[in-house]
Amino acid sequence: MSDADVAKWKKRWDQARRDQEDAQRDHERRLGELQDELRRVAAQNAERQEAPSPRAPVLNLNQANLSNEASAAEIFASMKDILVNRCPERPYNGIKKALAAVADTPGKVTQ
Numbered sequence: 336m337s338d339a340d341v342a343k344w345k346k347r348w349d350q351a352r353r354d355q356e357d358a359q360r361d362h363e364r365r366l367g368e369l370q371d372e373l374r375r376v377a378a379q380n381a382e383r384q385e386a387p388s389p390r391a392p393v394l395n396l397n398q399a400n401l402s403n404e405a406s407a408a409e410i411f412a413s414m415k416d417i418l419v420n421r422c423p424e425r426p427y428n429g430i431k432k433a434l435a436a437v438a439d440t441p442g443k444v445t446q
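Residue numbers for the sequence shown follow our numbering, so the first one is 336 and each next one is one higher.
Hints listed in this document are in silico derivations from the structure and should not be mistaken for laboratory results. Hints should not be assumed to be uniformly reliable.
[To be verified] Have a look at the derived ranges for each label pair, beta carbon to beta carbon:
id: 1; residue 1: Asn420; residue 2: His362; range: 31 to 39 Å
id: 2; residue 1: Ala339; residue 2: Val376; range: 51 to 59 Å
id: 3; residue 1: Ala399; residue 2: Lys431; range: 41 to 49 Å
id: 4; residue 1: Ile430; residue 2: Ala378; range: 45 to 53 Å
id: 5; residue 1: Asp357; residue 2: Met336; range: 27 to 35 Å
id: 6; residue 1: Ala391; residue 2: Glu363; range: 35 to 43 Å
id: 7; residue 1: Gln359; residue 2: Ala381; range: 28 to 36 Å
id: 8; residue 1: Arg374; residue 2: Arg352; range: 26 to 34 Å
id: 9; residue 1: Gln359; residue 2: Ala339; range: 28 to 36 Å
id: 10; residue 1: Trp344; residue 2: Arg374; range: 38 to 46 Å
id: 11; residue 1: Lys431; residue 2: Glu409; range: 21 to 29 Å
id: 12; residue 1: Tyr427; residue 2: Ser402; range: 41 to 49 Å
id: 13; residue 1: Lys346; residue 2: Asp371; range: 35 to 43 Å
The beta-carbon is built from N, C-alpha and C at its ideal position, and this holds for glycine as well.
Hey, can you work out the whole structure from these sequences and the hints?
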């Protein structure tokens, strides 16, 4: 190998080493930024208040705590909550059954 080849390969090796050192510094800088972000998010999460405990399910209108002047929307919302709490998969079957129970059958004589 000639001196020119040795110098050329030494130059390439030095350049590769510098590139590797630059990549390592960039990696360490990025890692530091991510660790700082992780600490910040963990601190925010620790400061965040616990979520309120879920309300007890309302199973009838007496538990709904409606005022005497409750609007129709509030009453219907409470009824919907009751039906959803009783049967989450098919909440409106309960109202169908209730309406069918009080509906007058055709031809029935009421006094």
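So, going through the hints one by one against the coordinates:
1. Asn420 - His362: 31 to 39 Å: violated (53 Å)
2. Ala339 - Val376: 51 to 59 Å: holds (55 Å)
3. Ala399 - Lys431: 41 to 49 Å: violated (21 Å)
4. Ile430 - Ala378: 45 to 53 Å: 48 Å Cβ-Cβ, so the 45 to 53 Å window holds.
5. Asp357 - Met336: 27 to 35 Å: Holds, since Asp357 and Met336 (Cβ atoms, about 28 Å apart) stay within the stated range.
6. Ala391 - Glu363: 35 to 43 Å: Since Ala391 and Glu363 have Cβ atoms about 53 Å apart, the given range 35 to 43 Å is violated.
7. Gln359 - Ala381: 28 to 36 Å: holds (33 Å)
8. Arg374 - Arg352: 26 to 34 Å: Check passed, 33 Å falls within 26 to 34 Å.
9. Gln359 - Ala339: 28 to 36 Å: With Cβ atoms ~30 Å apart, the hint holds.
10. Trp344 - Arg374: 38 to 46 Å: About 45 Å separates the Cβ atoms of Trp344 and Arg374, which means 38 to 46 Å holds.
11. Lys431 - Glu409: 21 to 29 Å: Hint holds: Cβ distance 22 Å, inside 21 to 29 Å.
12. Tyr427 - Ser402: 41 to 49 Å: violated (26 Å)
13. Lys346 - Asp371: 35 to 43 Å: holds (38 Å)
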